[in-house]
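Here is what each chain is made of, one letter per residue.
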Amino acid sequence: MMGVEYILIGLILVCGFYAAWNIGANDVANAMGTSVGSGALTLRNAVILAAIFEFAGAFVVGANVSETVRSGMFDPLKLNEIYFEKAPYILACGMIASLLAAGTWLPVATMMHWPVSTTHSIVGAIVGFGCLALGFDGVKWKEVLLISGGWIVSPLISATIAYLLFGILLRNVFFKNDPVAAARRVAPWLAFVTMFVMTGMTAYKGLQPMWKRLKLETDSAMFTLTIIVIALLLGTIAFLVMRRLVQNFQQGSSRDGSPAQDAEVSRSLAKTAKHLQRVRNTSRGELQAQSERLLLEVEQLQKISRAQVPSFTDSADLQQVEKIFVGLQILTACLVAFAHGANDVANAIGPLSAAFQAVSERAIAVKSVTPLWALALGGVGIVVGLATWGWKVIKTVGEKITELTPSRGFCAEFAASITVLLASVLPIGLPISTTHTLVGAVLGVGLAKGINALNLRMMRDIIAGWIITIPAGAVLAMLFYWLLKMTFVDSGWIDDLLVIPEK
Amino acid sequence: MSTIGKLFGRSPFGQIQLHMEQVIKCVQKMSEAIEAAESGRYDELDRYSLEVSQLEHQADQIKNDIRGRLLKRVFMPIDRAEVLEIVLLQDALADTAEDVCKVLTFKKLPFPADCSEEFSEFFRLNLLAFEIVAKIIRQLDELIESGFGGVEAERVRALATETAYTEHQADLVQVKLLKKIYAHDHEMSHGEFHLWMRFTNVLSQISNVSEELADRVLKTLSLK
Chain A
1 MMGVEYILIG LILVCGFYAA WNIGANDVAN AMGTSVGSGA LTLRNAVILA
51 AIFEFAGAFV VGANVSETVR SGMFDPLKLN EIYFEKAPYI LACGMIASLL
101 AAGTWLPVAT MMHWPVSTTH SIVGAIVGFG CLALGFDGVK WKEVLLISGG
151 WIVSPLISAT IAYLLFGILL RNVFFKNDPV AAARRVAPWL AFVTMFVMTG
201 MTAYKGLQPM WKRLKLETDS AMFTLTIIVI ALLLGTIAFL VMRRLVQNFQ
251 QGSSRDGSPA QDAEVSRSLA KTAKHLQRVR NTSRGELQAQ SERLLLEVEQ
301 LQKISRAQVP SFTDSADLQQ VEKIFVGLQI LTACLVAFAH GANDVANAIG
351 PLSAAFQAVS ERAIAVKSVT PLWALALGGV GIVVGLATWG WKVIKTVGEK
401 ITELTPSRGF CAEFAASITV LLASVLPIGL PISTTHTLVG AVLGVGLAKG
451 INALNLRMMR DIIAGWIITI PAGAVLAMLF YWLLKMTFVD SGWIDDLLVI
501 PEK
Chain B
1001 MSTIGKLFGR SPFGQIQLHM EQVIKCVQKM SEAIEAAESG RYDELDRYSL
1051 EVSQLEHQAD QIKNDIRGRL LKRVFMPIDR AEVLEIVLLQ DALADTAEDV
1101 CKVLTFKKLP FPADCSEEFS EFFRLNLLAF EIVAKIIRQL DELIESGFGG
1151 VEAERVRALA TETAYTEHQA DLVQVKLLKK IYAHDHEMSH GEFHLWMRFT
1201 NVLSQISNVS EELADRVLKT LSLK
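Residue numbers (the working numbering), protein chains in the order written: chain A, 1 to 503; chain B, 1001 to 1224.
Don't take every hint at face value.
[To be verified] Cross-link-like lysine-lysine pairs, in silico, BS3-like; alpha carbons within 27 Å at most:
| # | chain 1 | residue 1 | chain 2 | residue 2 |
| --- | --- | --- | --- | --- |
| 1 | A | LYS274 | A | LYS303 |
| 2 | B | LYS1063 | A | LYS449 |
| 3 | B | LYS1135 | A | LYS323 |
| 4 | B | LYS1006 | A | LYS449 |
| 5 | B | LYS1219 | A | LYS449 |
| 6 | B | LYS1063 | B | LYS1107 |
| 7 | A | LYS78 | A | LYS485 |
| 8 | A | LYS205 | A | LYS215 |
| 9 | B | LYS1219 | B | LYS1063 |
| 10 | A | LYS142 | A | LYS78 |
| 11 | B | LYS1072 | A | LYS449 |
| 12 | A | LYS323 | B | LYS1006 |
| 13 | B | LYS1219 | A | LYS274 |
| 14 | A | LYS303 | B | LYS1135 |
| 15 | B | LYS1180 | B | LYS1107 |
| 16 | A | LYS485 | A | LYS140 |
| 17 | B | LYS1135 | A | LYS449 |
| 18 | A | LYS400 | B | LYS1006 |
| 19 | A | LYS400 | B | LYS1063 |
| 20 | B | LYS1176 | B | LYS1072 |
| 21 | B | LYS1072 | A | LYS400 |
| 22 | A | LYS303 | B | LYS1219 |
| 23 | B | LYS1102 | B | LYS1025 |
| 24 | A | LYS392 | B | LYS1006 |
| 25 | A | LYS395 | B | LYS1006 |
| 26 | B | LYS1102 | B | LYS1176 |
| 27 | A | LYS271 | B | LYS1179 |
| 28 | B | LYS1072 | B | LYS1006 |
[Unchecked claim] Only part of the chain A face toward chain B is listed, based on derived beta-carbon distances under 7 Å:
| # | residue |
| --- | --- |
| 29 | GLY33 |
| 30 | SER266 |
| 31 | LEU318 |
| 32 | VAL397 |
| 33 | LYS400 |
| 34 | ILE401 |
| 35 | THR435 |
| 36 | LYS449 |
| 37 | ASN452 |
It is worth saying that the hints were derived from the structure and are not from the lab.
Heads up, the beta-carbon is just placed ideally off N, CA and C, and yes, glycines get one too.
With the sequences and hints as input, model every part of the structure.
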């Protein structure tokens, strides 16, 4: 009767792969759709880049969040105290049930047009299983609260970053008299910062296993220094590449004749006039006469400055600026795909590796690392999901959000990917929703007067999504768990596999 | 379908520009109607007047569509009320164009020869004020692109000042024109004289409302 073990393992792999497929099919679209919509990437290139970076993110940084999903919400070892020798199979059933719950809830929610995320369904499902198997007190509610807190905080953080970044861009590029030259100056620096932060955060987690294999201390100053050097190096490469790329961009020849007239100049003059008026209105005698005279002079200056403002439109210039940002947006699109892979692969791989380890070793490990092959499997699942279904969703999303120009898309994607990467490399890897983080970032750009119209009803839907998804995931997981337990454990099917723990 | 896709609401800005294009058509037809009245082609005048009415009605339909886009749940870079005011002022321009044509069809209006210079200047300045403000609305997308600030905002500010100046000049010419019309009062019937007063009054609304519209757009540009 060895068959049941293989059936269980087969079930685990299939369910894990299905969950990864789901992520690739539905979630990647939100990450890449912005770039396709703004025209920064063609659909084909977007799919290829997404595949590469999703896989890389899952493989390099994915383990950290997987640990949280696997053992962050309840302590699997406690199962031993209640179910004794059956504990590994209880855990396996629970994890399969969680994967199945997320796998059935997501298509339903998508059909009902609810903006739910894989992350929320899987967390809800595991909490549900923990409640049923260990009782209410068995769940680490503190950690669950921390994770749900992350869901609220992550969109806020990304919105703030996007707001600030777009504000900086407005002031330093779009408000300038010559936005093309300003964009050419700023773009390499933005590329540097993006690359520096991305490689820095990735290397912090990604290099740790390698350092451990070399028997080197990961909290030593040398480790930090290596990361900084690598990040600086790659940042500089990005800087140089970007500088080469933008070299050929020139401002429209339309403005050549007129003298340079910065918006700052007329604004300063307007302020001067305002202050002089205040002086004139609140003073008398000599002072009032003098300020009156000065005010007239300032008004004269304002007339001169107004005459220097060219009255024709130069949308060509702004289009050039957007072209410069195309390169940056491609960079951040890759970054979003990478961060998404790093964070969301855990939703499939966390339960999968926990169940697989329990069944194959016939015991619940005290502490184990997520195996590399599992991360690779998750990465492949995402890529397959992307290739078989996700590209269609990317296409529809891309067609819908043409309003997001490359500069706005860059800000939103940068903010979202930084937030998601940050959550992934925290000491406790937080599973957060990439989609909701990106929604926050887009809202941030909108708040900085960057987007024509935003549908705020999405906010309500997202919050409703949280409230519905967690109980739904929990209930579904309980149902599947009960079914699986009936089939495998209660029927005595797995009795042959039981190892009587040595006393 | 997709969270990010659904995040984007229906923007009213494209529709505002579309509405303005419709208003421009109204004003163009109105100017043709005035020319027809001046040269005594009254059957053409009736036709133009009807066309203006139709164009104005089409503009109204666009206006209603814009209202539909201003739902409370849609977040925009400028205030909902300001968008509405801009559209209402544009609508007032179309209405004025329609009124001018209607007034002209009431009765045959005599154009005294010695007033023609002042009248054409008055007419020209009103159209000019409107053209400048139309230019401002046409630059609305650049304003959004640059986050309602910077050089684009300065450009709109300069144009708004120009509109105000043109309106002022139109007022001065109107006074001159009216003085000459009053000098002709004994040659005209009461009806004709009254029609002249109505006509100049309504036509001057074109520059007045244009100035108001320019001001309204200016108000949305915050001085940072």
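Hints, one by one, checked against the model:
| no. | hint | verdict |
| --- | --- | --- |
| 1 | LYS274(A) / LYS303(A) | holds, 15 Å |
| 2 | LYS1063(B) / LYS449(A) | holds, 23 Å |
| 3 | LYS1135(B) / LYS323(A) | holds, 26 Å |
| 4 | LYS1006(B) / LYS449(A) | holds, 19 Å |
| 5 | LYS1219(B) / LYS449(A) | holds, 15 Å |
| 6 | LYS1063(B) / LYS1107(B) | violated, 32 Å |
| 7 | LYS78(A) / LYS485(A) | holds, 18 Å |
| 8 | LYS205(A) / LYS215(A) | holds, 16 Å |
| 9 | LYS1219(B) / LYS1063(B) | holds, 21 Å |
| 10 | LYS142(A) / LYS78(A) | holds, 17 Å |
| 11 | LYS1072(B) / LYS449(A) | holds, 17 Å |
| 12 | LYS323(A) / LYS1006(B) | holds, 26 Å |
| 13 | LYS1219(B) / LYS274(A) | holds, 16 Å |
| 14 | LYS303(A) / LYS1135(B) | holds, 20 Å |
| 15 | LYS1180(B) / LYS1107(B) | holds, 20 Å |
| 16 | LYS485(A) / LYS140(A) | holds, 23 Å |
| 17 | LYS1135(B) / LYS449(A) | holds, 22 Å |
| 18 | LYS400(A) / LYS1006(B) | holds, 8 Å |
| 19 | LYS400(A) / LYS1063(B) | holds, 24 Å |
| 20 | LYS1176(B) / LYS1072(B) | violated, 48 Å |
| 21 | LYS1072(B) / LYS400(A) | holds, 21 Å |
| 22 | LYS303(A) / LYS1219(B) | holds, 20 Å |
| 23 | LYS1102(B) / LYS1025(B) | holds, 16 Å |
| 24 | LYS392(A) / LYS1006(B) | holds, 16 Å |
| 25 | LYS395(A) / LYS1006(B) | holds, 14 Å |
| 26 | LYS1102(B) / LYS1176(B) | holds, 24 Å |
| 27 | LYS271(A) / LYS1179(B) | violated, 42 Å |
| 28 | LYS1072(B) / LYS1006(B) | holds, 16 Å |
| 29 | GLY33 | holds, 6 Å |
| 30 | SER266 | holds, 5 Å |
| 31 | LEU318 | holds, 5 Å |
| 32 | VAL397 | holds, 5 Å |
| 33 | LYS400 | holds, 4 Å |
| 34 | ILE401 | holds, 6 Å |
| 35 | THR435 | holds, 5 Å |
| 36 | LYS449 | holds, 4 Å |
| 37 | ASN452 | holds, 3 Å |
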